[in-house]
Structure formats: structure tokens, C-alpha cells
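Novice: Listed below are the residues making up each chain.
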Amino acid sequence: MDSGQPLLIPLEASAQWDDQLVGGKASKLSQLAGAGFGVPRGFCLTTRAYQRFANNAAIGATIRMELGRKPMDDMRWEEIWDAALRIRATFLSQPLDGALRDAIAQGLAGLDPSAPLAVRSSAVGEDAAGRSFAGLHESIIGVHGRQAVEDAVRLVWASLWSDAALLYRKELGLDPANSRMAVLVQEMVAADRSGVAFARDPRDMRKEHALIESVPGPCSLLVDGLVDPDRWELDRKTRAVIAWLPGQRDDGQDDAPLLEARELEQILDTLLSLERLFGWSPDMEWARQADALSVLQARPITTGVPEADEKRAWYLSLRPGDKRLKALRRRVAEQLIPELESVGRAFAAEPLDLLDEQALADAIERRSTALAEWKKIYWDEFIPFAHGVRRLATYYNDAVQAEDPYEFVGLLRNQPLVATQRNRAIGELAAKLAADEALQSVLDRLLEECAGALRWPAFREALINKAEGAGDFLRDFDALKERFLDIAYDQERLYDQPEPLLRNIVELSRAPGRSGGDDASAGETVTALEQRLLDAVGTERRDEALEVIETGRISWKLRDDDNLLVARLESQLLRALDEAAQRLTAHGRLSADQRPNDAHAETLMRALREPSAGPIRLKPAGESDATASFRAPPGESPRQLIGQPASPGAATGRVRRVRGHGDLGAFRRGEVLVCDAIQPTMTHLVPLASAIVERRGGMLIHGAIIARELGIPCVNGVRHAVESLKDGDLVTVDGHLGIVTVGAAEFDLELGVRVLP
Amino acid sequence: MKQPDEPIFDEKDIDDAAGTTAAPAVRDRIQRLADQQPYAVLCVQGQGQPYGALVAFAFSPDLRHAVFVTPIATRKYRLLSECDQVALVIDNRPNKADELMEIEAVTVTGRSLLVERGAEFDEWAGLLIARHPYLKSFVQAATCALFRVDVARFLHVARFQEVSQWIPDSHS
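Protein chains in written order, with the numbering used here: chain A, -18 to 738; chain B, 75 to 246.
Hints were generated in silico from the structure; no laboratory data involved. Take the hints with a grain of salt, since some may be wrong.
Said to hold, decoys possible - Output of the computed footprint for chain A on chain B, the stretches with three or more beta carbons under 8 Å from beta carbons of chain A: (1) 145 to 153; (2) 208 to 221.
Said to hold, decoys possible - The calculated lysine to aspartate or glutamate pairs, modelled on EDC-like cross-linking and capped at a C-alpha distance of 16 Å, are: (3) B:Lys210 / A:Asp425; (4) B:Lys210 / B:Glu197; (5) A:Lys447 / A:Asp425; (6) A:Lys307 / A:Glu528; (7) A:Lys151 / A:Glu246; (8) B:Lys210 / A:Asp385.
Just so it is clear, the structure is predicted and the values come from calculations on it, not from any experiment. Where is the CB? At the ideal position from N, CA and C, for every residue including glycine.
Taking the hints into account, I'd like the entire structure generated from these sequences.
Specialist: Here it is in C-alpha cells:
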């Protein structure tokens, strides 16, 4: 880039410069200002300013490190979010040099010092005709003062690498060497009304119709989807209003339209003038203050091209603003979770064995329907609400600018998660067993003898007969089972499978003192971090910060709990299916070796409702794990596997893969837990593990959080982790660096290798 | 005359070069190469088995010391623990065979020393991080070890066969 190019250009002069220097947004607004349209005053920090900052701070290398950790197509959206968070933290941690600070000061000198400012992205090519990447980059409004502008500029620069932008990296042509972003700083209009307007109806561009949307107050309310707008359809030629649809707002509005006829005409005139000026039909953001109309943004209309990747579109919807988060918090915490708990309880209380065949079929249908409904709610509402934790992350990092972008996780400690309560109960039972050596030894021996084929009544009896304290122990164990094990994992009811948990408890009894995570020091951490955030935001934003913390905590807690509560519905469906299968087996209509899963609900219901029909067969479950087909080519074996350093520390141990419920009981203390993903249903194994390796990546997933709480090294996001490693492999898990080294620390040198002649 | 498939330099070259007095320009050329190239091949050995690995490095301003880090679960860490005699190869080779005469390479020999955490570690780590800021968390990770190489000599190779030696202490 030409070093003679300026770092800063006044907005009105930006159109004289190449789009490559000022970005599309600034260039168009500058053209509009030059043509006499009302455009808020401002300046453009050019792409050269971005490059100067990025080069000085070696940011390009950091971005390459983050994006090169593994093939990006293999990254889950959680990992992409993590990479974007670390990149963002790097941008925030680097100071602006003197020249950049001077340029910003110079720009601000030309603006009204009392006006709040909007700091917005003006990326090169972001609004090009035919494509729009609106919403991928950040805009920060209500910015006051030089320091806040500098912080906002760094955040907007960082959003060139936001999680959303990384998802669209191919379309954007994102490239650490060449991508850059200009930033637009403008005075904000104190709008009484604002909105979005389209010169043509984006749903049908052939129609001679224009669309205008308006909300009371600033345009961000509309763009962020927080306020429902009034909407008009206008004839472009006659200017007649074809339709008016009032917005649904509970702000005590009267029924009058937000815009009068002459105001609508003024907006339409502006749209048509823009169309003539640019030669394409614009989509315009506008604001009115008193009688003055300002154009905030103009870009070509993009006609709803269907998103090829539905998952990507769904992910982009997972970024609710603060108001929506608050509404979701109320709905999820106060309505949905209690409802889900109550549905699970009601199913558990139903005496299935007393029902006749028809009633049992009805019970299966109710459970199956409820499970499907709650799974939909899980995707539609629980997962978006989980954004509360990510919101806390960015809020904390923006305010505190912590060197470790995951410092905020300390604020989530000591939450009364259902899984934590269960793990504590398991830990207490293990501690009791540790204190009773005789019972421990008898239990150990009996488990050894039954070797995976435990028959519960006989086992109980044998235990009571052979060990004195067994009665108390079994009473506690039954209570634990009732309270926490009515969940399904891997299509099995854990309630019906006490053996793995008993084995885990025996193992835990030999590794005391590692069940917590909610000790006094955690409390101190929470208080200290809370204070750090409150100090950083100041008294004015104290309530806002407390609200973000609280939403983050509830979001985190419920994100874990909802998994277990949905797993309880699955468990209750399996219970009904098992009951049906037993009856059909007793009537000779189903072979005894056939085990039902939730895909068999329909078949079993039909069989129950048609008692005179013949025998049935249950379709075997298909291979569900897409990664199961991975096999290393012959002669290749992993030496170092790379993932994300998700919990610090290093440990060496033998691999134990947990691929399903059948592997749970085999886990021994000191082993390295290798799995696809640690589910809330299996977090009680973590205290036994010396380290954790997961295929699923993310710093905020269950396994990573619990590993950090317990101080166990964890590397996640390891491609083909389960397939690449074998049970018994010796591995060193380096949770500082995100490396899993396969083989002994003492390596065999090549001395013994036969050299072919 | 060497055949093209022979190594660019070997023991004989080193012997030849050992007796020569390098012009001061060699130091500058070494400095320039060390400044241009961020990565070097680290050569270590153990029980007679040589082993090479790429490392990010930095030199002290006087070129008497080089510094690099390695995770402790690696083969090179194990071998460094066993034998402190090491070499670093730094070169600017292109990907095209016909540019042989433009290649410059330097072989650095010396002894490696594990630097314990503390003020000295911070100083050497700072040197490395200043050169490779994106490696900050790697350098500071508890499972990484930082080694300082006390340079014995530099052997600079240019134009395929032209080898010069420079010993930092001899010019101090």
C-alpha cells in the first residue's frame, strides 16, 4: 500500500479516494453528502490505518495462527467463535501508535464534542452489488470521548475477523495478508423516527413498489429486530400508499401511522434520487430529526438469495441483542425449564405397568411427541439463550481488556448446575465408601465377579449379606439413582444400568478429594472478577453489568441443565418403549434379543394397538457417528495430535475411549478420557481422569469448563480423536499448548531399527 | 570439484574455512541472514542418532547467543536433555534448483542450556517474543522449555562452496 496515502479522510472528501482505501460505506455516504443529501458529519479512518495497526502489532501472524490451527472447514461454530474471541482480544490488547491516535484526535476535532458518535465498519467490498454482508461486522453507537472512540475503532477492526465473518470467509475472500477495513466515525442523529427503505420491493423487484419501514427512535432498534416497525408499500410512480401495516409495539402507541404522507413522499423522493445517482436500486437506512432527513447508509438491494448452508444461517440467528436475551431469559428460566421439569416428573410418576396396551401406546405417543417438541424448543430457544454466556464474554473483555480472554469464565463458577449437584452426591458416596474399607473391598470383589452382567436384585442381596455397612450405602445409592439417573445416554436409560456408576464410585473412592469445583477459593475468584468488571464499567453502567453477569450465569446453568432435562424425557420414552417391548416379547411377537430405541416408537405403538397382528422386528440403529468411517492409512500413526488448549496443565496416562454407556464402567482413575464430546450425562467421570481429549472443540463446552474447575488438563477440537487413539495408548496431554503426544516420554531411538540392505 | 548431489558443505569445507580469517562483512552477512530468516533447523543427537527439527529462533544483538523453545513432551527436548552439543542451520534457499548460487546458509554450532524460569528466562523469552510476537503464549506455556545456545562458531556458506567461519569471541 502506498505509504503516502492518508490515515484519515473527512467523510465529505472520501468519495475522491479509491474504495480500497475508504471502503464501500464511506465512499457512498461521501458521494451522497457531495450531492446535497443529508448525511451526518464524520470522518473515515482508512484501510491504511488498519494496516498500520495490524502490521505494528503483528496481528496478521496471530490471525494466521488462529485460523491455521486446523482446517477451518473442520471447525465447529463454537471453535470459530473461540478463534474470533482470541483475535478480538489481541486487537484490544494492542495500543494504537502515536500517528493513529493523532489521526483520530484530528478527526474528532472537526466534530461536535458533545455529540454521541457511531463507529461503523466500512469494509472493502462489503456492500457490493448483488451481495450483502450486513451484520457480519460491528457497529458501535453512543460512543463518547477519544479513548472510547479508540477502543471502538479497534473493536470494529477486529470484527473484520468476527465469528460471522469467518463463517463467510470464502465469500468475503478473507485473507490475513490482504483483507483490511476502513472505519467510519459519524455524529449520531438524535432521531425521533428512523427506519429502512427499499426503492423496490426485495421480494419482487419487478413490481413498481417501494417499501418503507419506520420505528420510533434510533434505527438500531429496527436493525437489531428489537422493535416491530410500521411498514408501507408505495407506488413508485403515483406515490400512493398501497398498504400500511402498523407495527406491534407495546409502547403505549396510538393507532396513528408513524409517518405522515409528506414524510413518506420525502423518503420516496430520496430513494428515487439515490437510484438515479448510483444507477442501482438502493436499500437505505434513514433517520429524521425534527424535519430533517438524514441518510445513514445506502447500498444495493440484495434479493433474498436462499442461504445454501442452513446451519450457517441458523448460527447467525444465535446472536440475540440484550433485550431479546432478557426476554429469552424470562421465558426460558421462568416458564420453559419449570415446564420441562414438570413434564419429566409427570412421565416418571406414570405407572406404566398398570396401563393396558392401548393406554401404553398412548403413553408412548405422548412421550414421543413431547420429546420432539422439546427438542425443537431446545434448538429454537435454549441454544439462542446460551448466547448469554458469549455476551458476557465480549462484555467482560471489552470492559476489562483482560490478557486471558477466558478470564470471565471464573464468573460462572459455583453455579448450582444439576450435573454439579449430581457429581457432588456421587463424590459424597465415594467418600463414604473410602471410609469403609471392608465395604469397599466386598463391593470391588462382587463387581469383579459379575463382570458386566450385574443382576441388580441378586447383587444387592449379596452385598447386604457380605458387608455390614451395605444397607446404608445402598439406600444412598438408590436415592442418587432416583434423583439423578433418570436420563438417557446413548439410547440407554442409565437408571437401568447401575453397574457402570457403581464401578465409577469404587474408583472415585480410591481418588478422594477431586469432586469439587465449588470451594471457597472459587467464591473468592467470583467476587474478585465481579469487582474487576464493575470497576472497569464505572457506576453508570453498574446495573447493566450486573444484568449481563446474571444473564450469563443463568444462561450457562440452564445450558447444562436443559440437556439433562431433555435426557430425562428420552429416558422416560425409553422406559415406555421397554415396557412395550417386554409385553410384546411375552406375547411372542418380538424376539427377546431386540432392544428398542426412540426410533422404534411408531412400530411399537402400532403393535400395541393391533394386538392381533403378527410378530414385529425392530430395525437396527444405523451408524450415527459420521466420523466413525475415519481410518488412518496403513503405516501411518499419530505422533502429535493438535487441538485447542482448553484447560491448562499436562498429564501422561493411558487412553480410555468413552464411546457409549458400555464404556462408562470401564473407566479407571488416572486414565485419559478420550471421547467425541463430554456430555452432561458423563461429567462425573472427569474427576477420575488424568486428562481429557475431545473431538468437539470449544472453550465453553461442558468438558472444558469442568476440566478447568477441577484443574485437569484438557485438549479439545482434536480431529479424529476417538479414531486416532486406541484404548491403552500412552499419551501426554498438554493443556497449555493444545497438543496430545502419543507414545512414551522416553522415546526409542532408531538404534534397534533394522536397516534394509 | 564437488558433484551437484553432494552436500553444500561438509567437514572438509569446515576444515578449509577454519584457518581463514573471515572479513568483517561475514558477520554482517550472518546478521542479515539471522534477521531475515525466522526459522532454523535445530540439529541434536542422542546415542549416536542425529535428529533435526524446525524451530523459531532469535539471536542476542551480539550474536553470541541464540534462543528457542520446545514443548517438553518432544523428542528434541529429550535429546537436548541428553546432549547439549547442538547446531542450527539457517538458510534462504528458494524453491528453485537453478538459484543455487544465490543461496546463503549459516551453520551455528554451540552448546545448549535450559533456562530456568526467573529473571533470566524473562529476558531471553522477551527476546524471542519480540521477534515472534504471535508465539507469546507458546513461549510462556508451562509445558514449554526455553533453551539458550551459547554459540561456538558460525560457518557461513555462499555461492555453493564459499565457506567462511566467524567466531563471536574472536572479535570481541
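Novice: If a hint holds in the structure, say so; if it does not, say that too.
Specialist: Here is how each hint holds up against the structure:
no.: 1; hint: 145 to 153; result: holds (count 6)
no.: 2; hint: 208 to 221; result: holds (count 6)
no.: 3; hint: B:Lys210 / A:Asp425; result: violated (48 Å)
no.: 4; hint: B:Lys210 / B:Glu197; result: holds (13 Å)
no.: 5; hint: A:Lys447 / A:Asp425; result: holds (12 Å)
no.: 6; hint: A:Lys307 / A:Glu528; result: holds (9 Å)
no.: 7; hint: A:Lys151 / A:Glu246; result: violated (40 Å)
no.: 8; hint: B:Lys210 / A:Asp385; result: holds (12 Å)
When held up to the earlier numbered hints, the structure conflicts with 3, 7 and fits the remainder.
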